[in-house]
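Peer 1: Below, each chain spelled out in residue letters.
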Amino acid sequence: MSDAALIYVRHQDKEENYLQHGHTLWSWLSTTDHKRIAILYALSITFFFFIGGMAAGIVRIELMFPHGEMLSDDAYNRLFTLHGIVMVWFFLVPSIPTTLGNFLLPMMIGAKDVAFPRINLLSWYIFIVGACFAIFSIVAGGVDTGWTFYTPLSTMFSNGAVISAAAGVFIVGFSSIASGVNFITTVHMLRAPGMTWFRLPLFVWAMYATSLVMVLATPVLAMSLLLVMAERWLGMPIFNPANGGDPILFQHLFWFYSHPAVYIMVLPAMGVVSEVFACFARRRVFGYAMMVYAMMAIAVIGFFVWGHHMFVAGQSQYANFVFSFLSFMVAVPSAIKVFNWTATLYRGQITFEAPLIYALGFLGLFTVGGLTGLFLASVPIDVHVTDTYFVVAHFHYIMVGGSVSAFFAGLHFWWPKITGRLYSEAWARFAAIVMFLGFNTTFMPQFIMGYGGMPRRYHVYPPEFQIWHVMSSVGALVLFVAYTLPLIYLTWSLFYGKKAGANPWNATGLEWQTASPPPKDNFATLPRVKAPPYRYHPEREAPDPDKRAPETMQGDVS
Amino acid sequence: MTGAYPLQASAYAGDWDRLFAVLMVVSALVVALVFIAIVGFSIRYRRGSRAPRSVLPEVITNELELGWTAATAIAFLFLFWWAAVQQLHNVIPPQGAIELHVVAKQWMWKVQQPNGVREINELHAPVGRPVRLIMTSQDVIHSLFLPALRLKQDVLPGRYTYLWFTADKPGVYHLLCTELCGTEHSRMTGRLVLMTVADYARWSAAQPGAENLAAEGEKLFRAFGCSGCHAPQSSVHAPDLNGVFGRTVQLAGDRTVTADEAYLRDSILLPQKDVVAGFEPIMPSFKGTVSDDDMVKLIAYLKSLSAGTRP
Amino acid sequence: MSEVSRVLHEPWPSIERQKLAVTFGMWVFIASEVLFFGGLFLAYTVYRHLDADAFKVAARETEVIYGATNTAVLLTSSLTMAMAVKASEQGLRRMTLWCLTVTAALGLAFLVIKGFEYHADLEKGLWPGPNFPLHPAATQLFWAFYWIATGIHAVHLTVGIGIVAVVIIELKRRTLPVEATRFEAVALYWHLVDTIWIFLLPMLYLIGRA
Chain D
1 MSDAALIYVR
11 HQDKEENYLQ
21 HGHTLWSWLS
31 TTDHKRIAIL
41 YALSITFFFF
51 IGGMAAGIVR
61 IELMFPHGEM
71 LSDDAYNRLF
81 TLHGIVMVWF
91 FLVPSIPTTL
101 GNFLLPMMIG
111 AKDVAFPRIN
121 LLSWYIFIVG
131 ACFAIFSIVA
141 GGVDTGWTFY
151 TPLSTMFSNG
161 AVISAAAGVF
171 IVGFSSIASG
181 VNFITTVHML
191 RAPGMTWFRL
201 PLFVWAMYAT
211 SLVMVLATPV
221 LAMSLLLVMA
231 ERWLGMPIFN
241 PANGGDPILF
251 QHLFWFYSHP
261 AVYIMVLPAM
271 GVVSEVFACF
281 ARRRVFGYAM
291 MVYAMMAIAV
301 IGFFVWGHHM
311 FVAGQSQYAN
321 FVFSFLSFMV
331 AVPSAIKVFN
341 WTATLYRGQI
351 TFEAPLIYAL
361 GFLGLFTVGG
371 LTGLFLASVP
381 IDVHVTDTYF
391 VVAHFHYIMV
401 GGSVSAFFAG
411 LHFWWPKITG
421 RLYSEAWARF
431 AAIVMFLGFN
441 TTFMPQFIMG
451 YGGMPRRYHV
461 YPPEFQIWHV
471 MSSVGALVLF
481 VAYTLPLIYL
491 TWSLFYGKKA
501 GANPWNATGL
511 EWQTASPPPK
521 DNFATLPRVK
531 APPYRYHPER
541 EAPDPDKRAP
551 ETMQGDVS
Chain L
1 MTGAYPLQAS
11 AYAGDWDRLF
21 AVLMVVSALV
31 VALVFIAIVG
41 FSIRYRRGSR
51 APRSVLPEVI
61 TNELELGWTA
71 ATAIAFLFLF
81 WWAAVQQLHN
91 VIPPQGAIEL
101 HVVAKQWMWK
111 VQQPNGVREI
121 NELHAPVGRP
131 VRLIMTSQDV
141 IHSLFLPALR
151 LKQDVLPGRY
161 TYLWFTADKP
171 GVYHLLCTEL
181 CGTEHSRMTG
191 RLVLMTVADY
201 ARWSAAQPGA
211 ENLAAEGEKL
221 FRAFGCSGCH
231 APQSSVHAPD
241 LNGVFGRTVQ
251 LAGDRTVTAD
261 EAYLRDSILL
271 PQKDVVAGFE
281 PIMPSFKGTV
291 SDDDMVKLIA
301 YLKSLSAGTR
311 P
Chain F
1 MSEVSRVLHE
11 PWPSIERQKL
21 AVTFGMWVFI
31 ASEVLFFGGL
41 FLAYTVYRHL
51 DADAFKVAAR
61 ETEVIYGATN
71 TAVLLTSSLT
81 MAMAVKASEQ
91 GLRRMTLWCL
101 TVTAALGLAF
111 LVIKGFEYHA
121 DLEKGLWPGP
131 NFPLHPAATQ
141 LFWAFYWIAT
151 GIHAVHLTVG
161 IGIVAVVIIE
171 LKRRTLPVEA
181 TRFEAVALYW
191 HLVDTIWIFL
201 LPMLYLIGRA
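Protein chains in written order, with this note's numbering: chain D, 1 to 558; chain L, 1 to 311; chain F, 1 to 210.
Since the hints were derived computationally from the structure, they do not count as laboratory data.
Yeah, the Cβ is synthetic: ideal placement off N, Cα and C, and Gly gets one too.
Do not take every clue at face value.
[To be verified] Covered stretches of chain D, going by a simulated chain L footprint (3 or more residues, C-beta under 8 Å):
hint, stretch
1, 167-174
2, 436-447
[Claimed, not checked] Beyond 10 Å from chain F on every Cβ pair, some chain D residues (computed):
hint, residue
3, 46
4, 65
5, 117
6, 160
7, 319
8, 419
9, 430
Generate coordinates for the entire structure from the input sequences, incorporating the hints supplied.
Peer 2: Structure (structure tokens):
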């Protein structure tokens with residue numbers, strides 16, 4: 001059944017895959033193949049993940065002692081700023097969209113490539129230029145303003161490399177926007193015949209929603225950083241109170257982007273886990289239409305809640321009410337998604353491969369992170385816990401417990417497709433469990449600390465918090481192990497892993513109906529789409545454990 | 001310094017802890033529900049298990065989904081309402097609050113008591129009486145955090161922000177800066193010292209530098225030449241400042257404004273900003289001449305003109 | 001037929017689809033530019049609301065003759081750009097080249113006139129800083145916006161001129177056929193730059209001059 005469903009035909013052995021199509025470095029650096037560009041991005045973001053991770057590691061070691069032992073105050077401030085800037089803009093924002101999104105989006109809709117392949121390559125080069133500015137900032141001593149660049153500290157008082165750091169972020173923003181334009185156009189214009197909007201896999205919808213947010217929110221960040229650079233470099237007094245400037249205006253402009261940015265970081269993760277749950281529970285995703293509406297609602301409502309970062313900043317209580325209300329509302333679609341993923345498991349035929357373990361980890365950790373968001377949406381609660389470790393724990397639960405877990409889920413799920421190799425299932429399951437345990441050990445104590453009044457961005461701290469800091473740092477060590485293991489066993493699989501067939505998971509998407517690794521043009525002949533996604537079992541029956549292949553693949557061979 | 005946390009030093013902190021506890025219980029229930037469902041389904045519906053797997057009835061795919069969407073929306077609306085009510089209680093300070101002025105700068109807190117006593121990195125206040133903090137920064141954005149009171153407020157340059165509380169438990173508590181403000185941000189900490197009314201009165205009278213802020217303000221009012229234009233017998237046409245504080249002022253261009261501390265401060269530093277209707281914009285700016293400390297005294301003096309008492 | 005093969009790019013199945021997509025993609029990009037300048041305009045509006053009188057005082061010092069002339073230049077260039085698109089749709093290669101060249105020339109003229117205007121502004125000392133000639137201090141806010149807004153606009157215009165120049169060269173060398181799908185997208189970008197200027201004109205030149 002699976003062979004007949006392969007669209008990629010006959011000359012399997014003679015057909016080159018995309019990895020074999022050109023062996024020189026130049027063939028990689030000048031490629032317009034979305035799959036190769038995805039790999040270029042993957043290497044770049046992995047590099048930055050470890051830079052940002054090392055910064056966090058040093059911070060966590062230092063925080064084991066209340067009085068600071070190794071670092072000066074300035075060095076500490078620069079390290080956590082480095083961690084934030086690198087992790088947000090050079091790892092998380094690009095992660096799933098530029099790697100898995102780039103690789104899979106055209107294949108999932110039955111296209112040969114994205115709409116603008118050369119702009120796709122350009123977006124990677126823009127990322128690299130921005131990365132150079134960021135590295136320059138690090139080498140020049142770093143920035144100490146926090147990843148949030150608040151004025152007037154950043155514009156008038158900091159003596160760090162603010163301009164080059166802001167320039168680096170400004171530039172990578174355009175990489176984001178270019179990718180967003182590309183993906184939106186691709187989904188609108190390159191769907192294969194029969195691929196209607198409501199037959200799109202949820203991962204594609206997630207990429208689409210994410211791209212909308214990228215295109216509309218990132219420019220505002222660009223402008224706010226431009227104004228900071230203009231003030232600091234050219235003396236333009238935009239946020240200087242002595243000239244009538246308002247530092248709070250910076251916060252409004254900054255958070256207008258930075259709140260939607262967290263949805264840029266979580267929507268792709270939601271897309272990945274939808275694919276993984278369906279495949280490993282052997283069921284269609286529960287409530288597909290609601291899942292689509294929920295993602296679009298999150299993308300839209302997410303633009304109107306930024307003020308919840310500013311409840312104590314000095315904005316009016318009326319504004320606080322409005323933003324609090326909308327923040328409670330944006331939590332509703334997220335809750336729906338959690339229920340639907342859970343319901344997808346119901347009456348399934350579940351197997352526990354590594355992608356599913358990571359996805360289950362996502363589900364639990366995202367739920368905890370999301371619920372603590374409700375705490376923060378309540379103004380009086382937020383007044384006490386904002387700028388404490390409670391907030392730090394909240395966003396790490398979502399971004400690391402959520403998005404990074406989902407990234408690993410997707411990495412493992414599509415690893416056979418991308419590389420043509422199978423990874424070691426035993427090591428992968430082990431790493432997934434270690435990650436879950438290490439993560440909770442690191443960040444649960446931070447909720448407790450924050451509630452107790454431990455401020456964030458503190459180098460030295462009142463000694464009563466030390467026990468929680470030590471617990472958190474031990475967890476961080478475990479996390480380090482959990483992140484290093486995949487680096488090792490995935491690299492090992494590239495050389496020694498078993499060869500994967502076209503569809504080792506017996507999944508239903510179009511990407512599984514071509515070879516692993518895929519040929520350069522993705523499909524030998526472009527598919528016609530005949531079915532909605534996730535048809536793992538017949539319409540009015542439950543999944544059959546003895547039947548490995550899905551009931552209906554999405555693409556038509558004939 | 002008292003060690004364990006989080007201490008509760010006010011009735012409001014008690015209310016806060018109750019709201020937090022409710023949210024914790026709700027969250028724990030949801031987490032438990034989701035966790036039990038996930039673990040339960042994972043075990044029961046693992047591949048090859050003998051659990052029955054008939055087709056999903058329509059009522060689950062349609063009505064149940066609609067039902068839990070509506071239930072979630074209503075639950076979240078309720079939580080918003082509960083939190084909003086608590087927020088409302090804390091918005092308007094009661095009358096008769098003692099006013100302390102707080103000036104933040106890199107990397108210390110300067111506090112001025114109503115009788116002029118100054119403190120660095122310490123804030124003494126009585127329990128049982130409302131206390132209002134009028135705060136500004138001399139440089140970057142700072143934030144005053146009093147965890148035992150569950151309160152926090154950013155402190156901004158060029159503006160006043162306010163915080164009020166009524167504490168009820170004497171003791172020594174943390175006072176922390178919670179907005180990254182540069183190198184020594186984590187060392188910009190101090191003590192909140194809450195005392196009984198009697199102790200507080202004794203303490204503030206015994207401090208060196210106790211003075212009458214309003215009297216000092218009157219001296220400055222003359223020294224800076226304000227009385228030259230604003231005194232009733234002046235030949236210059238300038239607004240009469242008797243009873244100005246709290247009054248609604250008619251401005252040029254059909255706007256009105258309430259004369260609070262911010263308005264008085266702006267009138268002195270940025271006199272062109274809100275010109276009073278019927279007056280020429282001839283008042284010079286005193287920016288650079290009047291320091292933040294002087295400003296505190298001048299405002300105290302102007303406020304005293306409202307109360308009808310002249311020192 | 002060979003023209004078609006040079007026009008059609010991967011991964012497009014047909015020229016019509018490609019043209020639709022290129023234009024669509026440009027519209028999506030324009031949406032991002034609207035948000036970009038929108039942030040700037042929002043900041044300007046907030047400050048103008050807070051300090052209306054200072055803004056009036058400051059705006060009176062702008063060189064309105066240069067501004068008006070530049071407006072005429074840029075609007076005309078949009079006309080010639082629209083003509084270029086129409087010509088390309090008719091397959092009129094030389095007409096297209098001619099219209100594109102005039103468009104680029106008008107764009108360059110704008111930049112030159114702007115250069116003279118900047119010189120005049122600097123002669124009056126209107127760069128924010130310690131010796132700023134105007135009072136009150138909020139006039140410096142206006143002038144900060146002036147330099148930033150016109151500067152970014154000039155950068156966008158320069159990029160536009162560059163793109164048009166590249167198209168002219170490729171068209172002239174016949175490496176780009178007149179049936180290419182990019183003309184409408186290039187024109188849309190040019191019109192965006194023009195539209196931004198139409199917002200800048202009243203914001204920077206016309207307040208306080210009614």
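Peer 1: Against the structure shown, which of the earlier numbered hints fail to hold, in ascending order?
Peer 2: Hint check: 1, 2, 5 fail, others pass.
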